[in-house]
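Take the sequences, apply the hints, and build the full model.
These protein sequence lines are chains A and B, in that order.
Position 57 of the first sequence, counting from 1, maps to 700 under this note's numbering, and the rest follow consecutively.
Position 97 of the second sequence, counting from 1, maps to 87 under this note's numbering, and the rest follow consecutively.
Simulated from the structure, these hints should not be mistaken for laboratory data.
No residue lacks a Cβ here, since even glycine has one placed at the ideal position from N, Cα and C.
Hints may be right or wrong, so weigh each one.
What the hints assert, rightly or not - Just the calculated beta-carbon pair ranges, DEER-fashion:
id, chain 1, residue 1, chain 2, residue 2, range
1, B, Ser334, A, Ile696, 51 to 59 Å
2, A, Pro703, B, Gly296, 31 to 39 Å
3, A, Tyr684, B, Ala413, 51 to 59 Å
4, A, Leu926, B, Thr0, 57 to 65 Å
5, B, Pro246, A, Leu664, 56 to 64 Å
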Amino acid sequence: MAVTRDSMVKGFDKRPFFGALSGFDWLFAALVLAGAGYVLYRYGAVMDVYEIIILSGVAPAVIAQGWHWKAVRAMLLAVALLSLSAVWIYGASLDAAQTSFLLKFLISSQSAIMWMSVLFVMATVTYFGALFLRSDFAGHVASAFTWSAAAMGLTGMLVRWRESYLIHVDYGHIPVSNLYEVFVLFSVITALLYLYYEGRYQTRALGGFVLLIISAAVGFVLWYTFDRGASGIAPLVPALKSYWMKIHVPANFIGYGSFSIAAMVGVAYLLRERAGRMNPQGLFATRMPALDVLDDVMYKAITFGFGFFTVATVLGALWAAEAWGGYWSWDPKETWALIVLLNYAAWLHMRFSKGWRGRPMAWWAVAGLFVTLFAFLGVNMFLSGLHSYGSL
Amino acid sequence: MTTPARPRRTAGAILLEFLGSMNLAITLLVAVAFSSVIGTILKQNEPYQNYILEFGPFWFEVYKSLGLYDVYSAAWFLVIMTFLITSTSVCVYRNGPRMLRDMRAYREDTAERSLRAFHNKAEWSFAHTPDVLREVVMRHLLSYGYRLRVKQHDDHTVVAAMKGAANRLGYLGTHIGVVVVCVGALLDGNLPLKFAELTGKVRVETRQLPSTEVPAISRLSADTASFRGLVTIPEGATVNYVGLKLRDGILLQELPFQVKVADFRIEQYDNGQPKSFESDLVIYDGEGQVPQKQTISVNHPWFYKGYAIYIVSFSDGGSKLKLQAWPLAGAAPVQTLQGEVGKSLKLAGASGPRTIEFGDFRLYNVKPAPAGSGKQFQDIGPNFTFKLRDESGVALEYENYMQPQEHEGRWYLVSGVRDNPDAEFTYLRIPVDTAGGIGRFMRFRAALLDAQKVRMAVQKTVQEPMTAGLAPDPRMQQALTALLEKLLAQFNAGGFETVTEFVQQSLPQEQRAETARLYVEFLHQTLRELYDGAAAGEGGSITQADHSRFFDDAVNALGVLRDYGSPWFLQLADFQHIEAAVLQVTHAPGKSIVYTGFGLLIMGVFIMFYLPQRRVWALLRQEGGMTRVVFAGSTNRDSLGFAKDFAELHTGLEARLRAL
Ligand code: HEM
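Structure below.
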């Protein structure tokens, strides 16, 4: 046949990728690039080469993310606006936190994280309300709460990053270094992952289930703040002073967040499945997504988590090779990361190759949460090892 | 006649099938996960003594024979791991060729019947010729990024399209990656060492020996393939070995070069927490080689010829301490001592000889600053710790600060004491005089033991107008003198506590309160008399109020000396700070293999998940004047996503075909 590919495709073009981008997309990209450029210009001199590489990777990733998932753009811009306002009001000293109304009640990191907590709890209640009252409006409100909570949480983290430098330049570090900080990270990441699925699958019925686990994390943050005074910013121990922390920890939490979502969708699956058998006309059977959709969300969440958890574990090994003198030490945290991976690898093989679906896989996903939870928290609480910071 | 035998499978084929089976794979994945848990729950490679204490002798032996104290190199664990590697390799071996073929196979021969059986399918009839329709189908699929093969069959045409062929590479990357990681890690593991131990070529040294005295059987030569060991090197010292901690002892691993710690530095945050520590190293590598220098710090090791040198921690490397031993028991001269951290020395004292064991020296001690100082933290200067052991082996632990410390507006030399490591220190505070030393306090203390000075002070007290009124006649004066001397002796023996005991024993209940108050007043008077004598002629301008405060503090300090428990007050006069870097040296030749495996694994996983293989077929068959089009698709992952995309694909195609 004498047709070349080029001549054949003419007139059959799918929407070209770049042409499909809106003005807002381009504005968003420009703002992200400008922000990253400004950071490089302003702080480039004190960043090491790896940090520059990380920043150079993060900016395009954020742009790609915003183009792929349009809803996130507005939130990211709001977060940028809020955190820059906080940075601007602070100026060069923390004192403003006492005098500025805005900081004191809204966007100092403590206040922002408190708002995040409140909003997440409200979102949980509203999602369930929407499900039980069959109210689409309530569903919209719940989504709005979740978006706002994630925005406040992210703002809280970014402002905290700045605050750590204001306490003392020596103290400055990305806030992913202790249990308090990573719980906030966990809440935000899990919420964002959930919101993505919510948009993709056009269903709000799962919101309550996923938000339940975020609310539990929020409960922990509150207890940790008020009972243990854990919200203070402490300087880093030398072992944590590394660019590796900036990528290893977030990668881990994308994994934890995904696995948590998978487990909560598993719970929803089991309830939906039971409702389908016992009460096919009831609320659950009619309002919840179909079983194969639930199964699909669960699978997608596990694969996504598996990918990122693999990356995180490998990054951890590379970091360990630099900080502890070996890429693998059978340290409890390391070992539990492996256990988590092996567990989900078995799950994936079971599903993919044996074609298992349905209830057993949902139960297994729920059980997986306990394995994950132990890797995340149990190790810190019950076992000691090289990862001994962040102990309870 | 023989019936054709079913092809008999060889034992090898059956074994291969078993090893490559999914059931085995899943079982092994779960088994490794479960076994790994053990090593995290049970602390690994502790001295055996700890396990015996924890489990008792019976269970200790049981667990030991199961290898639970070093699970990850226990034979059974390695067997499971080997099975997992073998199973994965066999899996790749069996599936790999098929998958590689599959990447290039478009399956143009798929039958119409099969296409109809697909979940995603559509079927139309059009009046156009197959050639025209085929053209549109091809263009449509190309515009969606599919790659095509067209095959003209006898009575029909098949357009076979595929996307994501690389998905199969994902499978290969993931599974080969796992195998490669395990193989690399095995190379770096301590299997050869375990083997050498089993065959008796190597024995763990359980005694505490200097490195030079470790016997050859506990030494590993410098050409060991892989190891990971620790060594503590004081500033200025050079070593050519590291220690490998193994269960209840060590092995000495020799290095092919010598490492010198030229300098060690530590930086602190304002709250005293270490911010970074770093060390200047020099490597001497054989005759005629120029020494190499590099500075290492946490997270920044030195990679030298396949060896990696890390700074793990730091400790005192034997700081030299010059001390003044002021006597606190009996009358004795001040002695000057030379101590060294980590060493001990013997000293004869009033209550028998004691061994001083120097524990640690700290140059900085950052504490929260007092309120109102405008700072959050302050450094209160060097201190050192030591244990004082008597002949029966009982020891008290001390912590002495070099510089005077402020406490409620006044200044003291401070020493803490405790009788067990878990207790808090209780502090002895000796007031410092105008010269900043403890001379005046010590003169006061010496005066208390000086019979002549005591007699004169007592005399003076007895003749004071107030006392004189109480004891008008010589007989009573004599009794009072005797009493005061007695009280003073009691005070010397154990401070006010002993005085109170004495009062309680010697006075009837009803007089106690009133008389005791008087006694204490007399005693105070006499002590003050002695103090004034000790403080006289010091020069400078000291107010009366200063004297009174100093006197009170001194009396308080003297009052608790018995509990302090040391015959001396060791004042740090001078020091030479020597630090030691704790280094870790590792050799892991499998590292680059492991990293390659990591790369394959990650690439593989993402390709497998996010580049699903999708196949679409269009089968065109002329029937009568019409052409029938069977359009079907399948995928190996993400069937819901594909169903959506397929719907778009086929509605789009249908629209185009109808528009012809
Ligand atoms: C530690 C070991 C292993 C890991 C981490 C691993 C990981 C994975 C992952 C992540 C998938 C993708 C699953 C999905 O897309 O749902 C997969 C697929 C698969 N695995 Fe494994 N696996 C391991 C061992 C094995 C073994 C021992 C076998 C041999 C029986 C095996 C056979 C397969 C097969 C046949 C597939 C499907 C591939 C395809 O058709 O695309 N895996 N593996």
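Hints and how they fare:
1. Between B:Ser334 and A:Ile696, the C-beta spacing of about 53 Å keeps the proposed range 51 to 59 Å intact.
2. Between A:Pro703 and B:Gly296 the beta carbon distance is about 36 Å. The supplied range of 31 to 39 Å therefore holds.
3. Distance hint for A:Tyr684 and B:Ala413: a CB-CB separation of about 56 Å, consistent with the stated range 51 to 59 Å.
4. Remark: the range hint 57 to 65 Å for A:Leu926 to B:Thr0 is upheld by a beta-carbon distance near 60 Å.
5. Between B:Pro246 and A:Leu664 the beta carbon distance is about 59 Å. The supplied range of 56 to 64 Å therefore holds.
Against the hints set out earlier in the document, no violation occurs for any number.
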